[in-house]
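Residue numbers (my numbering), protein chains in the order written: chain A, 2 to 274; chain B, 2 to 274; chain C, 2 to 274; chain D, 2 to 274.
For the record, the hints were derived by calculation from the structure and aren't laboratory data.
A hint or two may mislead.
Note that the list lumps identical chains together, so a pair holds whenever it fits in one copy or between two copies.
As the list claims (entries may be wrong) - Only pairs whose alpha carbons sit at most 20 angstroms apart, straight line, appear in this in silico EDC-like list of lysine to aspartate or glutamate:
| # | residue 1 | residue 2 |
| --- | --- | --- |
| 1 | K25 | E169 |
| 2 | K25 | E54 |
| 3 | K215 | D149 |
| 4 | K215 | E179 |
| 5 | K247 | E54 |
| 6 | K215 | D83 |
| 7 | K217 | E145 |
| 8 | K215 | D148 |
| 9 | K82 | D213 |
| 10 | K217 | D83 |
| 11 | K29 | E51 |
| 12 | K247 | D83 |
| 13 | K217 | D149 |
| 14 | K215 | E145 |
| 15 | K25 | E145 |
| 16 | K44 | E54 |
| 17 | K33 | E169 |
| 18 | K6 | D148 |
| 19 | K29 | E179 |
| 20 | K33 | E179 |
| 21 | K173 | E51 |
Number of protein chains: 4
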Amino acid sequence: MGSFKGHALPGAFFIIMGFWWCTKSILKYVYKKQTRTCYLSSKTLLRRAEIWEGVVSVFMAVTGMAGEQFISGGPYLALYKDGQWYQLLEWHHTTMYFFFGLQGVVHILCFSTNLVPTSLSKLMLSNAIFVESFIFYNHTHGREMLDDFMHQLLAFTAILSGLVTFMEFLTKNNVLLEFLRSTLIILQGTWFWQIGYVLYPPSGNPTWNLTDIKNKMFLTMCFSWHYAAIYIIIGLNYAFITWLVKSRLRKVCTSEVGLLKNAECEHESEEEV
Amino acid sequence: MGSFKGHALPGAFFIIMGFWWCTKSILKYVYKKQTRTCYLSSKTLLRRAEIWEGVVSVFMAVTGMAGEQFISGGPYLALYKDGQWYQLLEWHHTTMYFFFGLQGVVHILCFSTNLVPTSLSKLMLSNAIFVESFIFYNHTHGREMLDDFMHQLLAFTAILSGLVTFMEFLTKNNVLLEFLRSTLIILQGTWFWQIGYVLYPPSGNPTWNLTDIKNKMFLTMCFSWHYAAIYIIIGLNYAFITWLVKSRLRKVCTSEVGLLKNAECEHESEEEV
Amino acid sequence: MGSFKGHALPGAFFIIMGFWWCTKSILKYVYKKQTRTCYLSSKTLLRRAEIWEGVVSVFMAVTGMAGEQFISGGPYLALYKDGQWYQLLEWHHTTMYFFFGLQGVVHILCFSTNLVPTSLSKLMLSNAIFVESFIFYNHTHGREMLDDFMHQLLAFTAILSGLVTFMEFLTKNNVLLEFLRSTLIILQGTWFWQIGYVLYPPSGNPTWNLTDIKNKMFLTMCFSWHYAAIYIIIGLNYAFITWLVKSRLRKVCTSEVGLLKNAECEHESEEEV
Amino acid sequence: MGSFKGHALPGAFFIIMGFWWCTKSILKYVYKKQTRTCYLSSKTLLRRAEIWEGVVSVFMAVTGMAGEQFISGGPYLALYKDGQWYQLLEWHHTTMYFFFGLQGVVHILCFSTNLVPTSLSKLMLSNAIFVESFIFYNHTHGREMLDDFMHQLLAFTAILSGLVTFMEFLTKNNVLLEFLRSTLIILQGTWFWQIGYVLYPPSGNPTWNLTDIKNKMFLTMCFSWHYAAIYIIIGLNYAFITWLVKSRLRKVCTSEVGLLKNAECEHESEEEV
Numbered sequence: 002m003g004s005f006k007g008h009a010l011p012g013a014f015f016i017i018m019g020f021w022w023c024t025k026s027i028l029k030y031v032y033k034k035q036t037r038t039c040y041l042s043s044k045t046l047l048r049r050a051e052i053w054e055g056v057v058s059v060f061m062a063v064t065g066m067a068g069e070q071f072i073s074g075g076p077y078l079a080l081y082k083d084g085q086w087y088q089l090l091e092w093h094h095t096t097m098y099f100f101f102g103l104q105g106v107v108h109i110l111c112f113s114t115n116l117v118p119t120s121l122s123k124l125m126l127s128n129a130i131f132v133e134s135f136i137f138y139n140h141t142h143g144r145e146m147l148d149d150f151m152h153q154l155l156a157f158t159a160i161l162s163g164l165v166t167f168m169e170f171l172t173k174n175n176v177l178l179e180f181l182r183s184t185l186i187i188l189q190g191t192w193f194w195q196i197g198y199v200l201y202p203p204s205g206n207p208t209w210n211l212t213d214i215k216n217k218m219f220l221t222m223c224f225s226w227h228y229a230a231i232y233i234i235i236g237l238n239y240a241f242i243t244w245l246v247k248s249r250l251r252k253v254c255t256s257e258v259g260l261l262k263n264a265e266c267e268h269e270s271e272e273e274v
Numbered sequence: 002m003g004s005f006k007g008h009a010l011p012g013a014f015f016i017i018m019g020f021w022w023c024t025k026s027i028l029k030y031v032y033k034k035q036t037r038t039c040y041l042s043s044k045t046l047l048r049r050a051e052i053w054e055g056v057v058s059v060f061m062a063v064t065g066m067a068g069e070q071f072i073s074g075g076p077y078l079a080l081y082k083d084g085q086w087y088q089l090l091e092w093h094h095t096t097m098y099f100f101f102g103l104q105g106v107v108h109i110l111c112f113s114t115n116l117v118p119t120s121l122s123k124l125m126l127s128n129a130i131f132v133e134s135f136i137f138y139n140h141t142h143g144r145e146m147l148d149d150f151m152h153q154l155l156a157f158t159a160i161l162s163g164l165v166t167f168m169e170f171l172t173k174n175n176v177l178l179e180f181l182r183s184t185l186i187i188l189q190g191t192w193f194w195q196i197g198y199v200l201y202p203p204s205g206n207p208t209w210n211l212t213d214i215k216n217k218m219f220l221t222m223c224f225s226w227h228y229a230a231i232y233i234i235i236g237l238n239y240a241f242i243t244w245l246v247k248s249r250l251r252k253v254c255t256s257e258v259g260l261l262k263n264a265e266c267e268h269e270s271e272e273e274v
Numbered sequence: 002m003g004s005f006k007g008h009a010l011p012g013a014f015f016i017i018m019g020f021w022w023c024t025k026s027i028l029k030y031v032y033k034k035q036t037r038t039c040y041l042s043s044k045t046l047l048r049r050a051e052i053w054e055g056v057v058s059v060f061m062a063v064t065g066m067a068g069e070q071f072i073s074g075g076p077y078l079a080l081y082k083d084g085q086w087y088q089l090l091e092w093h094h095t096t097m098y099f100f101f102g103l104q105g106v107v108h109i110l111c112f113s114t115n116l117v118p119t120s121l122s123k124l125m126l127s128n129a130i131f132v133e134s135f136i137f138y139n140h141t142h143g144r145e146m147l148d149d150f151m152h153q154l155l156a157f158t159a160i161l162s163g164l165v166t167f168m169e170f171l172t173k174n175n176v177l178l179e180f181l182r183s184t185l186i187i188l189q190g191t192w193f194w195q196i197g198y199v200l201y202p203p204s205g206n207p208t209w210n211l212t213d214i215k216n217k218m219f220l221t222m223c224f225s226w227h228y229a230a231i232y233i234i235i236g237l238n239y240a241f242i243t244w245l246v247k248s249r250l251r252k253v254c255t256s257e258v259g260l261l262k263n264a265e266c267e268h269e270s271e272e273e274v
Numbered sequence: 002m003g004s005f006k007g008h009a010l011p012g013a014f015f016i017i018m019g020f021w022w023c024t025k026s027i028l029k030y031v032y033k034k035q036t037r038t039c040y041l042s043s044k045t046l047l048r049r050a051e052i053w054e055g056v057v058s059v060f061m062a063v064t065g066m067a068g069e070q071f072i073s074g075g076p077y078l079a080l081y082k083d084g085q086w087y088q089l090l091e092w093h094h095t096t097m098y099f100f101f102g103l104q105g106v107v108h109i110l111c112f113s114t115n116l117v118p119t120s121l122s123k124l125m126l127s128n129a130i131f132v133e134s135f136i137f138y139n140h141t142h143g144r145e146m147l148d149d150f151m152h153q154l155l156a157f158t159a160i161l162s163g164l165v166t167f168m169e170f171l172t173k174n175n176v177l178l179e180f181l182r183s184t185l186i187i188l189q190g191t192w193f194w195q196i197g198y199v200l201y202p203p204s205g206n207p208t209w210n211l212t213d214i215k216n217k218m219f220l221t222m223c224f225s226w227h228y229a230a231i232y233i234i235i236g237l238n239y240a241f242i243t244w245l246v247k248s249r250l251r252k253v254c255t256s257e258v259g260l261l262k263n264a265e266c267e268h269e270s271e272e273e274v
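Please build the complete structure, drawing on both the sequences and the hints.
Below, the structure written as structure tokens:
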């Protein structure tokens, strides 16, 4: 992971998941507000989407674990070698990926069987995020000031998103908490990219001065700018989805309301997602 | 911002907003308790007031941003100059103002359209306050002890008011939480003035000794006194508004209850606000 | 306050209030569970008791403030003298007492008029306790290790009781939270006495070694023992009150249920409290 | 306690209790979901089980206290000897056990009488855990880095499980919070064993290098692995119990539903637990 790619990969995972979660929340909210006709069909559809989400989670986690272990120069599953711990940082990353993979498995179980309470998935997600922040917090011993600071911000964002996920778990069905979680997850993702850019500049630029306090003050602000940008992008996404759903529903549900069958409706919604 | 005026401006903004919020809460509470006649009319009125509140927020934020950027000696939108970051403190302040401006825009959207959930405004407000406290927390590197302490108290108050706003977002319609938020916002405002007085005495007095522990102990207490004074002033405000609403309602709603029309009632309440 | 008496006075205040609160909660709980006959009368009685509680609070606060200011060697209301702050520690204590006095005034207003929401009193109480802990936290600059540690434990207990009071404010009518608050308030009181015994031994014993780590470890444990003792005493109090209410109710409400008048019943309950 | 056995004993206690709590929660959840026939009988059974749980708690606490005090080289109830505190670490442990014993007594009272509110037991449990974490936090003065780190992780886990227990106390009947608490309690137990293995290797291996940062980084990860393993074991336990209850209920409740008597049903469920 000590490279640009090693930070870009988890960053991309977080951005994709965050964006998907936020889109899902918006769709659920807008549908619930606009229509009551297609409710049941969209529910079975949602269930299928959730299972796919779990599968993608597991796939991402396995990719990440394999990448950490079997990249050239990686530990190749060796934990103890020549009388000392071997490549512990890579093992740390593997552990983090593992917990997200566990969450994926539980997510699939929650939505494919009736045996497990659904909110267990939320609990596992907050667990995975908390474990991530715990490991990041104990991850940066003896590094340069700026490197340390950026990873502490990551741990900080992770703790916040873990707390928000836990609150979601306690107070079910608060759509804005889901938004908030999505923004924090995307923020983690973009911050991974930022760390990559600062510590391992991809274009061959010289690395930043890691002991300059001015850089720290800039990155403090930069962190806030990431957050502001995420809010604006999600806002545009919200506006776009609202417009899409509205215009489509008017066509389908108003003019052909007599002819509409459940099956067709499900077909329609499938295209929209 | 490194001047008395630079602290007095945001201080005044916070005091005005805090006082308006607290007055709004009191009016809503007293009306709800005293009368049921004029309820609907005051609701449309409230909606209009909320939109104006958003407009004023945006105006304040734009003023603040412009002031930070285009004051003589300001960065004039230049972030990087001569091979290093340029005037980062002013950029920090600009960022804080930006988030409050974003909140204002969302507030207008929440109360002018039906598309966005209303409590999004609360969430954005708590976000803006948390970003403010985050930036303040990383803002005072390498300053004198007393300067640092006063800004940490600001960050502390901001965190508390952010938490209270977040609680409001979760538990809707608790009037006392709105009071509490108002008091903490006003406290931030008056504390900005106090910082201005201590660091840049306006009357030409000598500056305080920034390394004297006695000054720190006095300011600890002074902070509490600000808070006590705010409580007492809000208490008087509460008593005044209760008296006003009661005396007016007795005149209007009891004696002329047969003649009263909705339109008139709205007219009346408009004057009161 | 730099004496045994100066710590014994607030300690006694906290113990008295904590014990009264816990007795009140137990009585309310036991009555609610055992009987429905005398309910209304005990409610007006409770209201009167609450007002008296407020009066006693104000009295305690005024006593405390006067004691801090006008004791021989006190500041006599002088804050700034000979070019520097004068007796700031005494002023700190005065400020703390003031907030508890403010709470007392609000408590009287809450239960004597209908204009103020009742839970405002809880909010003011948590405010007063938070201000106390804030001041204690910034109170012990440059003292010996053990002195500092004991006052930090006081601040810690105060923060916990402030949090519990705030939770009570949010989730109304949870009798066990009231118990919890009482125990933490009594713990503060007994810990004040402990501080007095350690720093200013009343019997003329030599003072403790304030830099010995063993003393710190003992006091850590001692703090827990205080808490255990408080729980046991409150448990005995609970058992005693339950027995008292039960035996009295059997006499009054069962055998003479036909003759019983409201006035008599109130008279009875008055004696019990 | 400065030995492998001294860590294995409380570790075993925590693992047993955690496992029992998690099994109890699963049983309650699965029963509630699968059947409504035997509800009442399982309730009286549950009551009896709770009382036994309390008895076992008290027994464990007494064993622990006796072990700490009367082991060869223990303090034998002497707290102050030869002018200084005597064996404070053992006294610390005794205090922790005492609070868990107190919780056991309250648990018995809660489920054997109607006089005490049931959730008092939860409150006492969170108290006991908080006291434990408080003492652990002030327990490791002047030890080696790794020793200190491992005990701080213990205090950290204890604080988390205390918080979760407190949340359970506030929001009754959330089965997943009960799971979460169980996992954290088991994590404490296994971590006690880990501490024992690291500090006092039982097989005569050389002790670990307590100042090596690599060991710290490994133990950070190891802590997460413990947690993952606990989740997987509890998951298997969940699957096993679900299967058991389902297969048994099908036999009993479906085929012989006409013949079934309450007494028999209770008998059946007794075997299952």
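Hints versus structure:
1. K25 / E169: within (15 angstroms within a copy, 25 angstroms between copies)
2. K25 / E54: within (11 angstroms within a copy, 32 angstroms between copies)
3. K215 / D149: both (15 angstroms within a copy, 17 angstroms between copies)
4. K215 / E179: Close neither inside one copy (35 angstroms) nor across copies (38 angstroms); limit 20 angstroms.
5. K247 / E54: neither (25 angstroms within a copy, 29 angstroms between copies)
6. K215 / D83: For K215 and D83, the Cα distance is within 20 angstroms only across copies (14 angstroms; inside one copy 42 angstroms).
7. K217 / E145: Both: 11 angstroms inside a chain and 19 angstroms across chains, each within 20 angstroms.
8. K215 / D148: both (14 angstroms within a copy, 19 angstroms between copies)
9. K82 / D213: between (37 angstroms within a copy, 16 angstroms between copies)
10. K217 / D83: So K217 and D83 pass the 20 angstroms test across copies only (18 angstroms; inside, 38 angstroms).
11. K29 / E51: Result: close within a single copy only, 12 angstroms intra versus 28 angstroms inter.
12. K247 / D83: Classified as neither: same-chain Cα gap 65 angstroms, cross-chain 51 angstroms, threshold 20 angstroms.
13. K217 / D149: both (10 angstroms within a copy, 17 angstroms between copies)
14. K215 / E145: both (14 angstroms within a copy, 18 angstroms between copies)
15. K25 / E145: neither (40 angstroms within a copy, 49 angstroms between copies)
16. K44 / E54: within (15 angstroms within a copy, 39 angstroms between copies)
17. K33 / E169: within (19 angstroms within a copy, 24 angstroms between copies)
18. K6 / D148: within (17 angstroms within a copy, 36 angstroms between copies)
19. K29 / E179: Within. Shortest intra-copy distance 11 angstroms satisfies the 20 angstroms Cα cut-off; inter-copy 30 angstroms does not.
20. K33 / E179: within (15 angstroms within a copy, 29 angstroms between copies)
21. K173 / E51: Within one copy only: 17 angstroms inside a chain, 29 angstroms across chains, cut-off 20 angstroms.
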